[in-house]
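Start from chain A and add chain B according to the hints.
There are 2 protein chains.
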Amino acid sequence: MRILRAKEFAINREVEYGSVEQNKVVQNIIQAVIREKDKALIKYTKQFDGVQCANLRVSEQELDEAYGQVDYQFLFALRKASENIRDFHERQKRNSWMDLQEDGSLLGQVIRPLKRVGIYVPGGTAAYPSSVLMNAIPAQVAGVSEIVMVTPPSTNGEEGINPYILAAAKELGIQEVYRVGGAQSIAALAYGTETIRPVDKICGPGNIYVALAKREVYGVVDIDNIAGPTDITILADQSADVSYVAADLLSQAEHDELSTAILVTNSSELASQVQQEVESQLNVLPRKEIASKSINENGAILIVDHIEEGIQVVNELAPEHLEIMVDDPMSILGRIENAGAIFLGRYSAEPVGDYFAGPNHILPTNGTARFSSPLNVDDFFKKSSVIYYSKDAILQNGEYIMQLARQEGFEGHARSIQIRLEKEGE
Amino acid sequence: MRILRAKEFAINREVEYGSVEQNKVVQNIIQAVIREKDKALIKYTKQFDGVQCANLRVSEQELDEAYGQVDYQFLFALRKASENIRDFHERQKRNSWMDLQEDGSLLGQVIRPLKRVGIYVPGGTAAYPSSVLMNAIPAQVAGVSEIVMVTPPSTNGEEGINPYILAAAKELGIQEVYRVGGAQSIAALAYGTETIRPVDKICGPGNIYVALAKREVYGVVDIDNIAGPTDITILADQSADVSYVAADLLSQAEHDELSTAILVTNSSELASQVQQEVESQLNVLPRKEIASKSINENGAILIVDHIEEGIQVVNELAPEHLEIMVDDPMSILGRIENAGAIFLGRYSAEPVGDYFAGPNHILPTNGTARFSSPLNVDDFFKKSSVIYYSKDAILQNGEYIMQLARQEGFEGHARSIQIRLEKEGE
Chain A
1292 MRILRAKEFA INREVEYGSV EQNKVVQNII QAVIREKDKA LIKYTKQFDG
1342 VQCANLRVSE QELDEAYGQV DYQFLFALRK ASENIRDFHE RQKRNSWMDL
1392 QEDGSLLGQV IRPLKRVGIY VPGGTAAYPS SVLMNAIPAQ VAGVSEIVMV
1442 TPPSTNGEEG INPYILAAAK ELGIQEVYRV GGAQSIAALA YGTETIRPVD
1492 KICGPGNIYV ALAKREVYGV VDIDNIAGPT DITILADQSA DVSYVAADLL
1542 SQAEHDELST AILVTNSSEL ASQVQQEVES QLNVLPRKEI ASKSINENGA
1592 ILIVDHIEEG IQVVNELAPE HLEIMVDDPM SILGRIENAG AIFLGRYSAE
1642 PVGDYFAGPN HILPTNGTAR FSSPLNVDDF FKKSSVIYYS KDAILQNGEY
1692 IMQLARQEGF EGHARSIQIR LEKEGE
Chain B
1292 MRILRAKEFA INREVEYGSV EQNKVVQNII QAVIREKDKA LIKYTKQFDG
1342 VQCANLRVSE QELDEAYGQV DYQFLFALRK ASENIRDFHE RQKRNSWMDL
1392 QEDGSLLGQV IRPLKRVGIY VPGGTAAYPS SVLMNAIPAQ VAGVSEIVMV
1442 TPPSTNGEEG INPYILAAAK ELGIQEVYRV GGAQSIAALA YGTETIRPVD
1492 KICGPGNIYV ALAKREVYGV VDIDNIAGPT DITILADQSA DVSYVAADLL
1542 SQAEHDELST AILVTNSSEL ASQVQQEVES QLNVLPRKEI ASKSINENGA
1592 ILIVDHIEEG IQVVNELAPE HLEIMVDDPM SILGRIENAG AIFLGRYSAE
1642 PVGDYFAGPN HILPTNGTAR FSSPLNVDDF FKKSSVIYYS KDAILQNGEY
1692 IMQLARQEGF EGHARSIQIR LEKEGE
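Protein sequence lines, in the order shown, are assigned to chains A and B. The opening residue of the first sequence carries number 1292 in this note's numbering; numbering runs sequentially from there. The opening residue of the second sequence carries number 1292 in this note's numbering; numbering runs sequentially from there.
Simulated from the structure, these hints should not be mistaken for laboratory data. You may find that some hints are simply not true.
In this list, chains with the same sequence are indistinguishable; a pair is considered to hold if it fits within one copy or across any two.
Unchecked claim - Calculated lysine-lysine pairs in the DSS-like style (CA-CA distance at most 30 angstroms, straight line):
| # | residue 1 | residue 2 |
| --- | --- | --- |
| 1 | K1714 | K1584 |
| 2 | K1714 | K1371 |
| 3 | K1328 | K1579 |
| 4 | K1584 | K1406 |
| 5 | K1371 | K1682 |
Bound-form chain A, shown alone (with noise of 0.2 angstroms):
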């Protein structure tokens, strides 16, 4: 791992649109969906995942079945995590509100949420319950009454599904999951089909057809933000522990090689020791080839002169994961700008937030942190505004909206006032 001062450092912030013939894929992918619908569905799925589908949606005995056969540890774990996110997103709801005004008049906002959603899990080794629960749990407390789960079947032949991924959707109380992946499954959920009817939002992570369908329905339904490869930031001085700092970086290192594990420290003696520590621990890591290319590759140790300059360069990494671990963690929090998930202090390891203390672990990367948030309950609200006027305020207020309304040509607009006025004004 690189040690260099963080002035050397170019931040790369590539983003992945996909190759035109990627694109072109795609689009033919969705028009062949709008036009056949259902056997489109079956066709891109034996073509894709060699797997002749008889039913797309998953009976209810599966789900049962599957939560029969999934280990009691893990779903009693599953359940608690269930627990812990429930109760952090609870926090995150909001009510609608009116205000009053003097003349009579309502003025409100309604908050209500989305009908219906859709979220992609994807299939194979990059199948994970923990995000069933981080992408459900939040439209599940914003009150979205139908959630739809859409999941490509196993490559083995057969329509199975990750036992696991129908476990998590079962605790949840998710009936609805249809075995369809890739972008056929998202124009499925976009447009509808025979089975499929079609949703108002779509989430969750997938591979880049996946990815490029979403963007290419975006707009006919709404998409959760567009996931880059994963990253995180360690901010911390000599009081670190240098074992917790190498198992950190590793832990977000063996996710993909193109995650990037960052180190920020004034220190050099951590630094060398973070170094050292990082290569032995490498050593004996089950994702070691993985992990070794993402540490070799994009990861690095950054030398600031001190705390403070170490602040402004986390700023602008604008970090998905940031752990501080410093003497004083606190006092540094009110100036972190841009991380979607902060990490305080010595006990708070990533993966406590990645799967269990409540906070979503769908947050935003690739630096999007300056402006994007992680997944949460707004995510699946959506809001009205409400004009209840009085006819005290069209009679006080009229001139001034005919006189706004003219001034830009809109004498309509001003005619829809006007004639108000000359009836009500008697």
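Same frame as chain A, now just chain B:
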């Protein structure tokens, strides 16, 4: 204006993504601005606006002069409107929160304003001071410290900008204004030039090139929704005032030939009266040509059997603006699932909300009220999760976290917990 049964009406929701050529033009402009910065801005301003720009930045003096130049009554109305808009949006503000857990952990959500926001304001005849208020005030209320406005110079060969736009900026205290428009201004806001520093988010409506450029830079910066043509739906029974209904339909129809104005009613008497009244009001409307094209091509009076069915039709239409002119409008509010802004009763003409009452006039168009919201203060906030885990918490819950991580194959995640349990558990 055609009258038909609601069941016979097909909703048209074509989304405008521009032609391949338009997209190519926009991509080239963006690349040129990334490469040549200010030089490209000056080149395109010459090419598209016919203006040789000496100073991209609008001077303080120009802002002051514009302010002195506009009508005093207009300024007074503008100020009144600003106050109302500010009051309404102040009620949307939110606080960061912290939740103290029994085991000594702290979980929370930090809510912060975006730092720097760019607002696009169209030039020429589509230059609307009201849009300056509606875009900038929510950002100011959120606490955005740097608000930048870009707007093209008048096309009379001089550098001047519509004084009403500049006066609105001055009124709000916006000091950073640049005379540049089109896709090139969006590229400048996203990537920065020598003169214009990059922003975190770009808001505001524009022509097709501006819309495509916003789509293109999304991810590098945040953008607001891409607005389609405006629409209104009026739900009315026989108690509604015919002349008000007609005037309000026309106030949307005059915006644009692509605007949609729809009346949904259970009274065939009202239907035919409104049909006649629209004709007669149309005849004396200055923007008659635009409005009649909108009314004839997109407008419709939809007959329903009863108001219940009308509510259902409204929810399917998911209108941008919804007026409810029935006997007891409040009784219907709770049944409306999808609408950008809801205007209740006979005095709540849609222009009341366009200009003055306080709620935002930037609303979800094209049926997107199913999943999007009026522009609001949340659009200028970003959130970070905060996790401060206690020693007790990690000791009590570490096993669950490892269980979940290992099920997903992330041994490195599990070890970052295990190393702490081993060290702290002693």
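Going down the list of hints, with the structure as the test:
1. K1714 <-> K1584: between (76 angstroms within a copy, 28 angstroms between copies)
2. K1714 <-> K1371: between (64 angstroms within a copy, 24 angstroms between copies)
3. K1328 <-> K1579: Cα proximity of K1328 and K1579: none, with 43 angstroms in one copy and 43 angstroms across.
4. K1584 <-> K1406: neither (43 angstroms within a copy, 35 angstroms between copies)
5. K1371 <-> K1682: Classified as between: cross-chain Cα gap 18 angstroms, same-chain 55 angstroms, threshold 30 angstroms.
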